[in-house]
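Student: Each chain is listed here by its residues.
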Amino acid sequence: MSSVAKRALLEPVVDNNPVTLHVLGICSALAVTTSLLPSLYMCVALTVVAACANAAVSAIRHVLPSSIRIIVQMTIIASLVIVVDESLKAFAFETSRELSVFVGLIITNCIVLGRTESFASKNPVGLSFLDGVGNGLGYSVILILVASTRELLGAGTLLGYTILPSVADGGWYSPNGMMLLPPSAFFVIGLIIWAVRSWKVEQVEKPEFQIHEVHRKEAL
Amino acid sequence: MSEPAKEQGSKTETVARTLLVAFFVSLVCSSLVASAAILLQPRQRANAILDARRNILEVAGLFEPDRDVNQLYESIEPRIVDLATGAYVEDIDPESFDPVEAAKDPELGVEVPADIDVARVRRRAKRALVYLVRKDDEVSKIILPISGYGLWSTMYGFVALEADGNTIADITFYAHGETPGVGDFIAKPAWRALWRDKRVFDESGTPKIEVVKGRVSPGDPLADYRVDGVSGATLTGNGVTKLMQYWLGDHGYGPYLRNIQRGGGT
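Residue numbers (the working numbering), protein chains in the order written: chain R, 1 to 220; chain P, 1 to 266.
Hints in this document: simulated from the structure, not taken from any laboratory.
By construction, the Cβ of each residue, glycine as well, lies at the ideal position given by its N, Cα and C atoms.
Possibly wrong hints are sitting among the right ones.
[To be verified] If you want the ones that stay clear, here's a sample from chain P, every Cβ over 10 Å from chain R, calculated:
id: 1; residue: C29
id: 2; residue: D51
id: 3; residue: F63
id: 4; residue: L129
id: 5; residue: N166
id: 6; residue: D170
id: 7; residue: K198
id: 8; residue: R199
id: 9; residue: D202
id: 10; residue: T206
id: 11; residue: E210
id: 12; residue: P221
id: 13; residue: N238
[What the hints assert, rightly or not] Think about it this way: if two alpha-carbon atoms lie no more than 20 Å apart in a straight line, the pair counts; the simulated EDC-like pairs of lysine to aspartate or glutamate are:
id: 14; chain 1: P; residue 1: K208; chain 2: P; residue 2: D164
id: 15; chain 1: R; residue 1: K122; chain 2: P; residue 2: E13
id: 16; chain 1: P; residue 1: K188; chain 2: R; residue 2: D169
With the hints as extra help, turn the sequences into a complete structure.
Tutor: Here's what the structure looks like:
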């Protein structure tokens with residue numbers, strides 16, 4: 001694999017992660033991460049949609065008039081999402097019910113449209129496909145981390161298997177119910193972003209303004 | 001990495017070209033969506049039926065994870081009941097009867113009067129699909145579909161009654177939108193177990209069963225009709241109470257269950 005292709009595939013996993021660096025795709029990260037299994041399906045669904053949408057948009061990039069490019073990209077993404085949603089209903093019925101509307105909401109996931117618009121409309125098909133897979137992987141890494149934390153602390157299980165036996169079942173672990181509610185996903189994502197930016201300091205954003213200068217003026 | 005932007009510019013930007021591209025993209029996308037929907041439909045239907053059967057088996061206490069659902073389901077006998085009279089209807093095939101479609105039909109459905117519609121059912125089919133479990137040829141359990149509004153949305157479930165048409169064997173909710181970690185206790189085995197051997201009707205035949213706030217005190221004379229609620233989920237509990245009151249009341253399965261109690265349950 002060429003170094004360009006490798007970068008398109010691997011850069012979004014940590015160095016250019018759509019969730020932790022660009023803070024995109026947060027809504028679904030809140031909604032589906034109460035347990036690990038639906039999150040895994042969500043990861044696969046998003047990766048498939050992002051990769052195929054990127055490839056399709058890239059394939060028609062030379063004939064696509066720029067005046068209608070956004071709506072054409074949305075049409076392609078929406079069609080792919082419907083196909084993925086219908087397939088889940090046919091092949092993973094239980095999980096598709098848990099995911100309910102959130103597979104459909106991949107249509108509005110900023111990661112997918114963001115990549116088709118900023119990458120696929122300017123790059124060749126193969127590279128765009130890899131970029132889609134890479135961004136899907138970046139999203140998946142975060143989703144899996146968040147979902148594992150929430151399921152483990154919120155229910156004491158992983159993928160439904162008991163890891164920390166709960167008090168209700170005669171064990172010692174008292175599940176933290178808050179972990180199953182949406183705000184805790186914010187907390188966990190926040191902690192992950194903190195950890196990543198402490199490790200990769202170049203991801204820290206420059207402060208947009210300095211508030212204490214204003215104070216000094218006021219003092220005068 | 002990027003290519004030089006839009007050298008072809010003027011050629012792609014004409015109106016005719018724009019319409020042409022829009023048309024072809026729509027054509028390809030719509031055929032993709034349509035073929036996916038049609039090809040996968042039989043499988044989705046089969047899944048939905050299998051899931052419904054599994055829920056019925058679970059509430060009947062017959063579900064075994066290692067065994068084939070369709071095979072186990074053979075011991076369940078679906079029947080159609082006319083809710084107004086409480087009598088069985090023989091001339092409709094239970095396999096083809098869809099209560100959701102029937103509720104929408106002007107002939108087959110009926111509006112629930114607002115003053116008794118505590119569970120916000122609004123409209124229901126005139127006939128209902130019930131399921132009988134037989135043991136040694138005698139009806140041992142009666143499974144009734146129930147639905148009603150909880151805190152956020154309509155909760156759908158089944159209640160299983162013993163052959164006397166009064167004692168509860170189990171209750172289950174297979175589709176609901178109650179708060180995760182709070183209101184979703186209605187689908188948990190620990191709470192479902194509390195319903196076992198509770199009674200629905202008092203001596204006068206009025207449905208008395210209810211979910212209380214907090215715990216049922218041990219000395220409560222009405223303990224047989226009361227189930228523990230969960231603090232923080234009072235409205236979900238109230239929703240369950242109301243749907244039980246409606247569905248087991250006179251406008252729901254009341255007439256049918258009175259027939260059962262009189263010994264007409266076959």
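Student: State for each hint whether it applies.
Tutor: Cross-check of the supplied hints:
{"no.": "1", "hint": "C29", "result": "violated (4 Å)"}
{"no.": "2", "hint": "D51", "result": "violated (6 Å)"}
{"no.": "3", "hint": "F63", "result": "holds (14 Å)"}
{"no.": "4", "hint": "L129", "result": "holds (21 Å)"}
{"no.": "5", "hint": "N166", "result": "holds (30 Å)"}
{"no.": "6", "hint": "D170", "result": "holds (19 Å)"}
{"no.": "7", "hint": "K198", "result": "holds (21 Å)"}
{"no.": "8", "hint": "R199", "result": "holds (27 Å)"}
{"no.": "9", "hint": "D202", "result": "holds (33 Å)"}
{"no.": "10", "hint": "T206", "result": "holds (35 Å)"}
{"no.": "11", "hint": "E210", "result": "holds (24 Å)"}
{"no.": "12", "hint": "P221", "result": "holds (29 Å)"}
{"no.": "13", "hint": "N238", "result": "holds (21 Å)"}
{"no.": "14", "hint": "P:K208 with P:D164", "result": "holds (16 Å)"}
{"no.": "15", "hint": "R:K122 with P:E13", "result": "holds (17 Å)"}
{"no.": "16", "hint": "P:K188 with R:D169", "result": "holds (13 Å)"}
This entry does not satisfy hints 1 and 2, going by the numbered hints stated previously.
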